[in-house]
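A.B. asks: Below, each chain spelled out in residue letters.
4 protein chains.
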Amino acid sequence: MAQKQKIINDPVYGFITINHPLLFSIISHPYYQRLRRIHQMALAYLVYPGAVHTRLLHSLGAYHLMCNAVNELRAKGVYITPEEEMAAKAGILLHDVGHGPFSHALESQLLQGVHHEDISLMIMKIMNTQLGGQLQMAIDIFTNNYPKKFLHQLISGQLDVDRMDYLTRDSFFTGVSEGVIGYDRILKMLTVHNGELMVEEKGIYSIEKFLVARRQMYWQVYLHKTVLSAEKMLVNLLQRVRDLIAQGATDLHTHCGIDFFLFNFDGVMNLDTLDKFCKLDDGDLLVAVKKWGTHTDMVLQTLANRLLNRQLLKINIQSDPFEADFVAHKLQAAATQLGISLEEAGYFVFAGEADNTMYTTNKEGINILFKDGSVKDITAIDDPLINQTISAPIKKFFVCYL
Amino acid sequence: MAQKQKIINDPVYGFITINHPLLFSIISHPYYQRLRRIHQMALAYLVYPGAVHTRLLHSLGAYHLMCNAVNELRAKGVYITPEEEMAAKAGILLHDVGHGPFSHALESQLLQGVHHEDISLMIMKIMNTQLGGQLQMAIDIFTNNYPKKFLHQLISGQLDVDRMDYLTRDSFFTGVSEGVIGYDRILKMLTVHNGELMVEEKGIYSIEKFLVARRQMYWQVYLHKTVLSAEKMLVNLLQRVRDLIAQGATDLHTHCGIDFFLFNFDGVMNLDTLDKFCKLDDGDLLVAVKKWGTHTDMVLQTLANRLLNRQLLKINIQSDPFEADFVAHKLQAAATQLGISLEEAGYFVFAGEADNTMYTTNKEGINILFKDGSVKDITAIDDPLINQTISAPIKKFFVCYL
Amino acid sequence: MAQKQKIINDPVYGFITINHPLLFSIISHPYYQRLRRIHQMALAYLVYPGAVHTRLLHSLGAYHLMCNAVNELRAKGVYITPEEEMAAKAGILLHDVGHGPFSHALESQLLQGVHHEDISLMIMKIMNTQLGGQLQMAIDIFTNNYPKKFLHQLISGQLDVDRMDYLTRDSFFTGVSEGVIGYDRILKMLTVHNGELMVEEKGIYSIEKFLVARRQMYWQVYLHKTVLSAEKMLVNLLQRVRDLIAQGATDLHTHCGIDFFLFNFDGVMNLDTLDKFCKLDDGDLLVAVKKWGTHTDMVLQTLANRLLNRQLLKINIQSDPFEADFVAHKLQAAATQLGISLEEAGYFVFAGEADNTMYTTNKEGINILFKDGSVKDITAIDDPLINQTISAPIKKFFVCYL
Amino acid sequence: MAQKQKIINDPVYGFITINHPLLFSIISHPYYQRLRRIHQMALAYLVYPGAVHTRLLHSLGAYHLMCNAVNELRAKGVYITPEEEMAAKAGILLHDVGHGPFSHALESQLLQGVHHEDISLMIMKIMNTQLGGQLQMAIDIFTNNYPKKFLHQLISGQLDVDRMDYLTRDSFFTGVSEGVIGYDRILKMLTVHNGELMVEEKGIYSIEKFLVARRQMYWQVYLHKTVLSAEKMLVNLLQRVRDLIAQGATDLHTHCGIDFFLFNFDGVMNLDTLDKFCKLDDGDLLVAVKKWGTHTDMVLQTLANRLLNRQLLKINIQSDPFEADFVAHKLQAAATQLGISLEEAGYFVFAGEADNTMYTTNKEGINILFKDGSVKDITAIDDPLINQTISAPIKKFFVCYL
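Protein chains in written order, with UniProt numbering: chain A, 1 to 402; chain B, 1 to 402; chain C, 1 to 402; chain D, 1 to 402.
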């Protein structure tokens, strides 16, 4: 009479229930299980020591919110078939499955720009074949080719369960209470109108809260200056490795999975290279960093050991660009201090811009459904806080130095 | 006027304050920073996906409770000098610094029985030399050679801040609410009498709660049958590697830090070997497991891939030993299924006992100070719940199989 | 398309959803709304200042857990019709509707022993008539005359949603973390076997936790000695009023709703007296106490003002009866101090027993369903903690004095 | 050696410690204890059923935050004498002691405009006399006549512990998570510069969060339209009573403490009238409302019973004034429905404005202390969110009707 059911403890939501063979198939797949070994927040744990939660847990959390969202919408009379329900759940479980370890650094330095979203889709297609087509509707929803647009919007939109979970979860594990959103209230305010996901009028303050919390998380966590410094150091470290290889160095092998991507990857993802990619996890990069910490190249060694032992580059951050003089002065100081060339000093001293483009993609807006039946985009609402939060340029300038 | 102060976000306690140069020296030491890369709960995250918190965070948490304990005791008139305060804080920060990755498996298979507590002391002594003797009092307290016994008892006793933090923290990250103890209330109930740490009479119910919560954590988390299965698999995996090496295999190098302990370690910890030990972290073992997943030895390969992809051994658990017949039958089945010898099947099918000896060492008891000035050990209290919880044998039998 | 739905904020569970006309009818009834004006925990707020939550909120909370329980059971294949679902929800909303202000004191002193459970049933019957019989099934379930016994057991049993809510809620509002139970986990462990409510085998530790938490709440909260002192003072205060009336006093009218029950009630509850009862709330008693604080009778005035201003009687509590000498000595001292007779001093100095009979009625036991299909009562489980918790006599002796 | 110490459980902060004879004297005073019988949030519990916490608990909570604030400031080297510490704690305990039941309605209708802050000061002076001058410094701080301005600012300023507690506490008890502020982080960001309370530069995001949370609480809770409706009904109810008395009615006595203020109070607060005021609590008004529910005047009876049974007036709310036609139409409808005159219908149908002036008094601004030593008011910070939150007009128009 009863179907197989598994309950997973989650410190954020209490219990997450898995109760369908398709879901079990996805979760037990090695490509999914590897998400256990990849930090959701990359190097943020160097600032927020509790932020070591994994991409697997985020995926399960977003799935849990999807379960709740489906229940709430159905209770309001929105028609969702059992197949659609399962497809939406499968889709959200797999929405981030293409992430690799320290994605930001990895994609720019080792993957030649192949984007994690494309990899997610490739993995979904592979699994779909393995599962005899059971994931086809999930793929259609994920790629926004399914007629009921709101299902796609729940997975990927300005107010999707992905964001609701990561803001909630990252806030929970960092201990930054400013990022708490009222996810349960937002879910209760969702509705569907003309096939599109909407927020009921009385949910405006919850949306306001959501947008402000997101903004707080950008500046306090995701773009926290020390986190930024650590991530830039990792990028530069990998850049140095590639530069040395380009110069002919032969002693940079790590004997781990990333060697392929350092030495042999040509930018083409096929079944074979994807499988290699799916064997990578945080451990490979951390072991490599430890190894490079004993390399004879002073730049490489210093970056590696400093990253490992949390002796991060100093970083200043402000609303305007930094003076060229300031950067030049720091460059000279670094060259002198480490006994390296000015060019090499550029691995330690550099200026740049931080913005939130990695977090706000051009997902569609948030629609509000008013009691009189009219629909407005959130940016058209006469709410000064919302307008400012949305329109405020989230961009700052930084400079790192020794 | 103001001294340097750093605030660390902790999802459990909110904020942890570091405000003394000695504490900064300890925390920034590479031997301490490596605790960022070691899971507090080893493989428990295979069952509780949120349980990926690190030994560094536990150490900071225990330190935070020590800060509170010192404040509470002083408010009750207990005299603690600034030097003693700093020594107690340094001692608790370092109490677990000798842990390696997956300590249980590591110590039994690779360290030839060298215990993490001995390593902690060695590291403290090395740091003490580096810091010009500033850690001497901390070492005296840690080794219980300091006259004010209660300071040692706060670090290492039946009711120390170590336990208070790990029960609280493990409960928090696993999401197992049954392990919640009222640590803040317990701290308020602490007092000192004749130089010994005591609990005030009115704190008895809090102690009862503490003991019951600890018991719940044993069975629901630390000795959870699936966690047990995973840990035994890791032990067997390392055993298999060692057995193959003993048989002359030469293709088991991982090119990571554990190679030294696999091939060269003679059981003697000196400055050099300790330094090698202090370079290990979870990443080394996980990378090794991945590597061994492609080895030609069927036993090794199978154990490695199953552990990696969470295809764990089945496990039964009960109060009585299992029938020999049952085990023999399962052995035979495994041999047949994998096409291996009966002896090799023993890596997959085996019986054993689980008890809590790894959690309850012979630390001294808990003393209750009554209003009339008398002192009783907790086991002498007429409280049926406490007696049962303490005296109940915590031991069960298990059998793992394919 | 969507039905009317109302969301109520609850600090404990987040949101409670009301979504059926029958539920709206119940909740908007004046007999139900009066529960807003009655403290769930009577005078416990004199010790736990946060414990001022109302019987209405507890009722809504228990209803919320019932909603969850129905969902969980259905997900396991238990068949529950929409009518049964609504009857169970109506039943739990009304299970405590018969409580008056400070029930313990009220029932013993003013209601001549009419019990709140009988009043609940009377109110349900009146509402049933008003609602054209819509509550008949709820009444059948409440009185255990409905075939599916598990529905009754969810409302009134050793592990009902009533208890789950009040332990959770009282723990929340008092701030006594020791009373936290894992209600969400318990709900997930519930099942139905042969028409009876059962707990799955793997839920044993949750039940253990539940029983221990309940025990902790008895001693730390419900039978906290200062709470006990306050409640006994209120009983004695009302007793004094009745004694003075019996002696012919004519100046004790309060001009509030309790006058009828002080002067005219003959112990018979009919439509008229029940309506008078349903107009009472905490305000009536508190106004009466204030009024009596200016009465000329020294005993009455002193009891009233002391209760009002939290100058409570001292209280000792222990496992054995108190010596008669001790009580006699305190009686004499009180008579001297207040200038009253020894008999009158008995309002301030008295011994008694406290036990948990007001909390553990003879509700049926908790059944555990084992994986092999066998069923055992919880008391037959070989778990020392459970046995001790259940069998331990919860009875203590107290003496109050000035 | 140890001083007397009392620990109070608080669901919000865990434990509140009272450890000085002066504090015990204040808390045990009947004028303070009466705050146990006055809801912090007046009628808001009709919308948020958990919001029944008392003014006493808020007072204790604000005191707790003051204890923390003093500790934090001292840890940063700010000099605070033990006398100043005690005065600040006494001052915050008493800052709201002048509140009566349902202050908003009471002050406008029964107290002839005597303001609760003036009453607080009067009570402090009375207690000061009773305590032999021990409260003099507290009074000086409260009235901002003490040289160290930051002590006054902690009690009464834009960022005082009063606000920090009530936002935190009201958010907790209503269950409106949008009102959560990071009070612990704000406290850690406080500092003193030139004798004034400041926020460190790195605390700007916490202040942003604080301001947004406050805004959310205005609209979701304090000025929630249904709360507004209930409070306006209570004001109109008392207005009707006064109008009837003015017309010569003689049957409106309640035999409770408010009779004096209905019939005899001349607007002068002296020792005697203040004592009468200090005997009032929520119970008096609720009993009065019940009594008036049986009065023959249709307007009075209807208002009373509707308020009692939560049959509140409908209310519309918007950014612009309502059309006079709409109000006129509703007035006519109410007169017809209840069979009363158009003038009498004005008790049920009326328009008005709601703004936050009752919450934002002209307390001084929030100063930010930058790392370079400069000081800026928060309104001068280049942060669009802060500017909008502060400058946005918080004013809306409402109309109530049957």
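Treat the hints as calculated values from the structure; they're not laboratory data.
Remember, predicted model here, so these are calculated numbers, not experimental data.
Some hints could be false.
Claimed, not checked - Computed list of lysine-lysine pairs in DSS-like fashion (alpha-carbon distance at most 27 Å, straight line):
1) Lys396/C <-> Lys314/B
2) Lys396/C <-> Lys371/D
3) Lys149/D <-> Lys6/C
4) Lys225/B <-> Lys376/B
5) Lys149/D <-> Lys371/D
6) Lys291/A <-> Lys276/B
7) Lys148/B <-> Lys376/B
8) Lys202/C <-> Lys148/C
A.B. asks: A separate judgement is required for each hint: does it hold in the structure or not?
C.D. replies: Hint check results:
1. Restraint check: the Cα-Cα separation between Lys396/C and Lys314/B comes to about 49 Å, which exceeds 27 Å; the hinted pair is violated.
2. Restraint check for Lys396/C and Lys371/D: not satisfied, since their Cα atoms lie roughly 61 Å apart, outside the 27 Å limit.
3. A threshold of 27 Å between alpha carbons decides the hint, and for Lys149/D with Lys6/C the separation of about 48 Å lies outside it, so the pair is violated.
4. Restraint check for Lys225/B and Lys376/B: not satisfied, since their Cα atoms lie roughly 36 Å apart, outside the 27 Å limit.
5. Only pairs whose Cα atoms come within 27 Å are accepted, and Lys149/D paired with Lys371/D is accepted, the gap being roughly 22 Å.
6. For the hint linking Lys291/A to Lys276/B, the alpha-carbon distance of about 13 Å falls within 27 Å, and the restraint holds.
7. Under the criterion of a C-alpha separation no larger than 27 Å, the hint pairing Lys148/B with Lys376/B is consistent with the structure, at around 20 Å.
8. Proposed proximity of Lys202/C and Lys148/C is supported: the alpha carbons are some 24 Å apart, at most 27 Å.
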